[in-house]
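Colleague: Protein sequences, first through last, are from chains P and C. Be aware that the first sequence starts at 1, since it is given in my numbering, and climbs by one per residue. Be aware that the second sequence starts at 1, since it is given in my numbering, and climbs by one per residue.
Simulated from the structure, these hints should not be mistaken for lab results. Heads up, a few of these hints could be off.
[Said to hold, decoys possible] Calculated cross-link-like contacts (lysine to any residue; reagent style SDA-like; alpha-carbon spacing at most 20 Å):
1) C:K3 to P:E14
2) P:K256 to P:F180
3) C:K322 to P:T102
4) P:K202 to P:L250
5) P:K128 to C:K34
6) C:K4 to P:L82
7) P:K128 to C:Y5
8) C:K188 to C:H167
9) C:K322 to P:D105
10) C:K34 to C:K47
11) C:K29 to P:S98
12) C:K244 to C:E290
13) C:K4 to P:H161
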Amino acid sequence: MSSKMERYVKQIVEQTECSKDEKDDLYEELFIHLQLSQEQFVKEGLSEPEAEEKAIEDFGQEDVIGDQLQQAMFPYRREMLLGLSMASILFTISVYLSQLITEGDAYIPWLLISISISSLLLFISLNKLPQLNRKRWTNSILIIHLLVYLYGWSLASGIDHIVTVVLVLWAWLIILLSLFLVYRTTLHDFQPNGNPLSKKVKLLHVINMTIGIIIIGLTLFFLWAMLAFSGGIELRMLLFGLPFVIWVVLYIAQMKLVKKNKKSAFFMTAISILIVLSIVFYSFIMPMFIY
Amino acid sequence: MKKKYTYIILAGLVTITICLIVVGFLFNKTENEKQNGLTEFFDVSTKGKVAFVSYTDGSPEIFIMEDDQSQSKSVVSMTNEKVILDVAFSSDGSQLAFISSEKEKENENENLSSVVHLLNIETKKIQELFTEETLITELEFSTDDNLFYLSAGTFENYSPIASERPHDFDIHHYDFENKSNYKITNLKKYSMESLKVSADGSSVYVQMFDDADAETADDIFDAHQRIFQIPVDDPANLSVVSDKSRNEDIYDFSFVPGTNTIIYQSVAKTGSDGVFEYELFTYNQETNTEEQLTFLGEYVSNPVIGPENDTLYFIVDKQFAKEDSDYKLYRSDLDGENVTPISVFETKKE
Numbered sequence: 001m002s003s004k005m006e007r008y009v010k011q012i013v014e015q016t017e018c019s020k021d022e023k024d025d026l027y028e029e030l031f032i033h034l035q036l037s038q039e040q041f042v043k044e045g046l047s048e049p050e051a052e053e054k055a056i057e058d059f060g061q062e063d064v065i066g067d068q069l070q071q072a073m074f075p076y077r078r079e080m081l082l083g084l085s086m087a088s089i090l091f092t093i094s095v096y097l098s099q100l101i102t103e104g105d106a107y108i109p110w111l112l113i114s115i116s117i118s119s120l121l122l123f124i125s126l127n128k129l130p131q132l133n134r135k136r137w138t139n140s141i142l143i144i145h146l147l148v149y150l151y152g153w154s155l156a157s158g159i160d161h162i163v164t165v166v167l168v169l170w171a172w173l174i175i176l177l178s179l180f181l182v183y184r185t186t187l188h189d190f191q192p193n194g195n196p197l198s199k200k201v202k203l204l205h206v207i208n209m210t211i212g213i214i215i216i217g218l219t220l221f222f223l224w225a226m227l228a229f230s231g232g233i234e235l236r237m238l239l240f241g242l243p244f245v246i247w248v249v250l251y252i253a254q255m256k257l258v259k260k261n262k263k264s265a266f267f268m269t270a271i272s273i274l275i276v277l278s279i280v281f282y283s284f285i286m287p288m289f290i291y
Numbered sequence: 001m002k003k004k005y006t007y008i009i010l011a012g013l014v015t016i017t018i019c020l021i022v023v024g025f026l027f028n029k030t031e032n033e034k035q036n037g038l039t040e041f042f043d044v045s046t047k048g049k050v051a052f053v054s055y056t057d058g059s060p061e062i063f064i065m066e067d068d069q070s071q072s073k074s075v076v077s078m079t080n081e082k083v084i085l086d087v088a089f090s091s092d093g094s095q096l097a098f099i100s101s102e103k104e105k106e107n108e109n110e111n112l113s114s115v116v117h118l119l120n121i122e123t124k125k126i127q128e129l130f131t132e133e134t135l136i137t138e139l140e141f142s143t144d145d146n147l148f149y150l151s152a153g154t155f156e157n158y159s160p161i162a163s164e165r166p167h168d169f170d171i172h173h174y175d176f177e178n179k180s181n182y183k184i185t186n187l188k189k190y191s192m193e194s195l196k197v198s199a200d201g202s203s204v205y206v207q208m209f210d211d212a213d214a215e216t217a218d219d220i221f222d223a224h225q226r227i228f229q230i231p232v233d234d235p236a237n238l239s240v241v242s243d244k245s246r247n248e249d250i251y252d253f254s255f256v257p258g259t260n261t262i263i264y265q266s267v268a269k270t271g272s273d274g275v276f277e278y279e280l281f282t283y284n285q286e287t288n289t290e291e292q293l294t295f296l297g298e299y300v301s302n303p304v305i306g307p308e309n310d311t312l313y314f315i316v317d318k319q320f321a322k323e324d325s326d327y328k329l330y331r332s333d334l335d336g337e338n339v340t341p342i343s344v345f346e347t348k349k350e
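Modelling step: build the complete structure from the supplied sequences, incorporating the hints.
Modeller: This is the structure in structure tokens:
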């Protein structure tokens, strides 16, 4: 069974949005600090349990300390997540009601998904879901949020009323903030083993994430076009997901390789860039010369 | 933050979501319930009555506006599974023929049944004239009260990038005496619109693609939509009566009785927002000259000549190129002067 001090430090650490490695480091650092403080109080004549109590009391309330650490390590992150989630929830309600009133369409599945994903972000920002305070989880939720609100943007632009201008603008602000947080979470916060990311790794992340956005955007565009022209879902549509799968595989491979063989990692980055350029060239630039 | 507040926030979000879902179920409309307001379909009798089709929550109704246009009365109403496609007054204005069809058309030739009805304006009695397993899109009386109609054999998208539309058009005739129908043409046209009948009923006029001589795909793309005269007794001997050298398509049209003038709809120019502006034009068949009649900078369509041949009625779509149309009925002098909107919705149901 863990001691009172261990439980106290664990509660502080859980308030932060660090990775598991970062949390382990932080836990160790805080625990040593408190142990030294406890030893000092023992030397001053207190019993062991009294010294432990006194060290914890002097250190402060675990919620407050955890919050201060979070703010110091990731400035404005919580505020941005809170702002994003609140803006998203209000946007969802506005678009849902506008669609219902002006077009007579109740988009209930979208309402449920978007309220759920925005609520998840809200509770992460309020630090009520410490188990999701991991970069990969936060990033995954942000990417799903991004896709859900891209659909929300299409709903907002389909409203036949002057309010559509405000809602479309609002949608783009949400999408851009979500996108910014994905980049920021990956680049600013992702520091395994407490070591800051090297410039080369950051560059690889930026290039791959941008390629990912372009690939996902193009895939969604071609899927939309295919659905519009064929009028139904077909098995061959799965082929559109191929560039995405290749991108994921190359991204993971680059991150594994960059620590051992930087040249190979950047060679793979070049392949990703070539894939995007060839899709853009064959789909958009070449037809311009033909027609 | 204390756990209590977390539960309050969670409960608030769940409550709001449940309320929104309930409101959604209450106010969600099916596709059949969505259509509202005036349609393009209207006709003017020789006595000055205007019959028009309007929708309320997806249910079609035919209204008749009094001669003095003070009020309109609903004379026909149908359920929201139906559409009313066209209305046409008989030559003396005592009867009104109209087409009803199913709103949800299944693929290709299924569920294409159309019913042509006849309403007695005086008694308000409705009689089903005939039913056809095709899509009847337009009908028109001749002055000797022969009924002609356009019938499409199929409702589908010929190309994957096109929406489903009626195709394989031909002109038909309904014989009141023998209560029988017969097909006048055998053209199976891709599109055919704006059916008109000559005063004596010897010829019918339609707008369609002038592509009889087209041999290649390029020829078909270059073909224009023109007005054709089709003799009822010799339908193969059809001819173009609009300007054969006109490089713009012609759409809806109407003849000014007793003259050689045709009033038709065509694109006037592209607006500053990139949307085509459709206006009405007059064309003199004798002098082969054309003049623009309306200058509304909008989508002007369906010209219909009023009684005494001194008034022109037409439709303006205030929401053209947007998702839902907003049709308004207008009236002007025959020379395009004194354009006045008619407020048809000061209506009173019987």
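Colleague: Give a verdict on every hint.
Modeller: Results for each hint:
no. : hint             : in the structure
1   : C:K3 to P:E14    : holds (15 Å)
2   : P:K256 to P:F180 : violated (24 Å)
3   : C:K322 to P:T102 : holds (14 Å)
4   : P:K202 to P:L250 : holds (16 Å)
5   : P:K128 to C:K34  : violated (44 Å)
6   : C:K4 to P:L82    : holds (19 Å)
7   : P:K128 to C:Y5   : holds (11 Å)
8   : C:K188 to C:H167 : holds (7 Å)
9   : C:K322 to P:D105 : holds (17 Å)
10  : C:K34 to C:K47   : violated (34 Å)
11  : C:K29 to P:S98   : holds (14 Å)
12  : C:K244 to C:E290 : holds (12 Å)
13  : C:K4 to P:H161   : violated (40 Å)
Comparing the model with each earlier hint shows violations of hints 2, 5, 10 and 13; every other hint is respected.
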